[in-house]
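In case you want the letters, here they are:
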Amino acid sequence: MKKDVKTYWTLFISTFYLSAFTFGGGYVIVPLMKKKFVDDLKWIEDKEMLDLIAISQSSPGAIAVNASILIGYRVAGYLGSLVSLIGTVMPPLIILSIISSFYTRLKENAVFNALLKGMQAGIVAVIADAVIKLGSSIIKEKKPSQFLLWQALLLQPTFSRLMFFILS
Amino acid sequence: MIYLKLFLSFFQIGLFSIGGGYAALPLIQNQVVEKNTWLSMTEFLDLITIAEMTPGPIAINSATFVGIRIAGTMGAVISTFGYILPCFIIVLTLAFFYYKYNKLTLVQGVLAGLRPAVVSLIASAGLSIAILALLNDSSAKFNLSAINPIATGLFIIGFIIMRKLKPNPLFIIISSGILGLLFYL
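If you read the sequences in order, they're chains A and B.
Residues 1 to 168 (the numbering used here) make up the first sequence, in order.
Residues 169 to 353 (the numbering used here) make up the second sequence, in order.
No wet-lab data here; the hints were simulated from the structure.
This structure is a prediction, so every number in the text was calculated from the model and none was measured.
There's no promise every hint is true.
Covered stretches of chain B, going by a simulated chain A footprint (3 or more residues, C-beta under 8 Å) [claimed, not checked]:
id: 1; region: 217-224
id: 2; region: 236-250
id: 3; region: 340-349
Quick look at which bits of chain B chain A covers, simulated, 3 or more residues with Cβ under 8 Å [what the hints assert, rightly or not]:
id: 4; region: 197-206
id: 5; region: 254-264
id: 6; region: 282-288
For every residue, glycine included, the Cβ atom is placed at its ideal position computed from N, Cα and C.
Let the sequences and hints guide you as you build the complete structure.
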C-alpha cells in the first residue's frame, strides 16, 4: 500500500477524469477503470480487479461509485477510498448543479422542450433495452429465478394497471 | 427540517438500490415523486433525461438536482452525502471480509436471489416513464388515440437500433433529441 501525496493526487485526478468524461453509466466506466488502474498504473492485479468489480456490483449504490471506493481503499487505505470517492462524485455534482440552476429558465424555451421530448423517446428505448438484457440473463438461469421474475413483475402496480387497461 | 428529510430519503435510495444504475430509478421515483412530491412526474422524466445525458450515476445526478431545487447548494451536498454514506459503509465492509476471508460466494448468492425483483422494479419504473413519454395524456384511459405517434416512432426505431447494433446509449438519446427538434418545432 502506497501512501504519499503523489499517490493520493494520482488517485484523485484519475477518478475525477474518468467520472467527468465517461458517458453511459456504470457498465461503461468500469472497463475504463480497469484499464487505468490495472493496465496503465499497474496498481492492482487483473484477477483482484475482477473481484473488486464483483463486490461493487453486489453492494447497493452505483457501480462506478462503489468501484472507486474499493480501488481507493486497495491503493491507499481508508483515506484513499475517501479521495477517490470525492474524485468520482465531484464532476456530476458540479455539472448537475449548473444545469439545475438553468432548468427553470430553459423549461420555458421551445427548442429545449422539443429536444427534451425527442430525447425522452430515446431514453425509453434505452431503458427497455436494459430491462430486456437484464431479464433475459435471468430467464437463461435456472427455473426458480424465472418464477421469481414473473411473480415480481405481476406484483408491480404499474403492470397490473396496464393489464387492466388492456383487458377493459 | 428539509436537510434531514433530503438526507434520509437519499440514504434509503443508496441503501436499497442494489443492482447498478437503473436499480435506483424506482426508488428515486418513489421517494422524490410519490412520497415527498419534490418533483412532478414530468420533472422526474426531465431529470432522467438530463441524468442520462451527463456523466455520472443517475442517483448522484438526481440527488444533486433534487437537493439544489429544494434546498440550494447545501441541499445538493447533503442529498449526495446521504446517498453515498450507506454505499460507502457497505462496500468497505464487504471489502474487509473479502481481504480477510477471500470469499465472495455468500454475497453473490444473496445478490442472485434479489436480481429478479430488481429487474421487475426497473421494468415497472421504465413503464411509468414510457407512459409519460409516449402518451399525450398519461392520466387518460389507455386507448389508441392517446398515443403520441412521433414519440412512439422514435422509441421503436431507437429500440430496434439498440437491440441490433448495440451502440452507446448516448448515440440513441442524442439522435432522437435531434429528430425531436425537427418534428416538434
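Status of the hints after comparison with the structure:
1. Note: the region 217-224 of chain B has 8 residues with beta-carbon separation from chain A under 8 Å; the three-residue rule is met and the coverage holds.
2. Restraint check on the region 236-250 of chain B versus chain A: 6 residues with Cβ-Cβ distances below 8 Å, three needed, restraint holds.
3. Coverage of the region 340-349 of chain B by chain A holds [criterion: at least 3 residues with CB-CB distance below 8 Å; count 10].
4. Requiring three or more residues with a Cβ within less than 8 Å of a Cβ of chain A, the coverage given for the region 197-206 of chain B is violated, as only 0 such residues are present.
5. Counting residues of the region 254-264 of chain B whose beta-carbon sits less than 8 Å from any beta-carbon of chain A gives 8, enough to reach three: the coverage restraint holds.
6. By the rule of at least three residues with a Cβ nearer than 8 Å to a Cβ of chain A, the coverage given for the region 282-288 of chain B holds, with 6 such residues.
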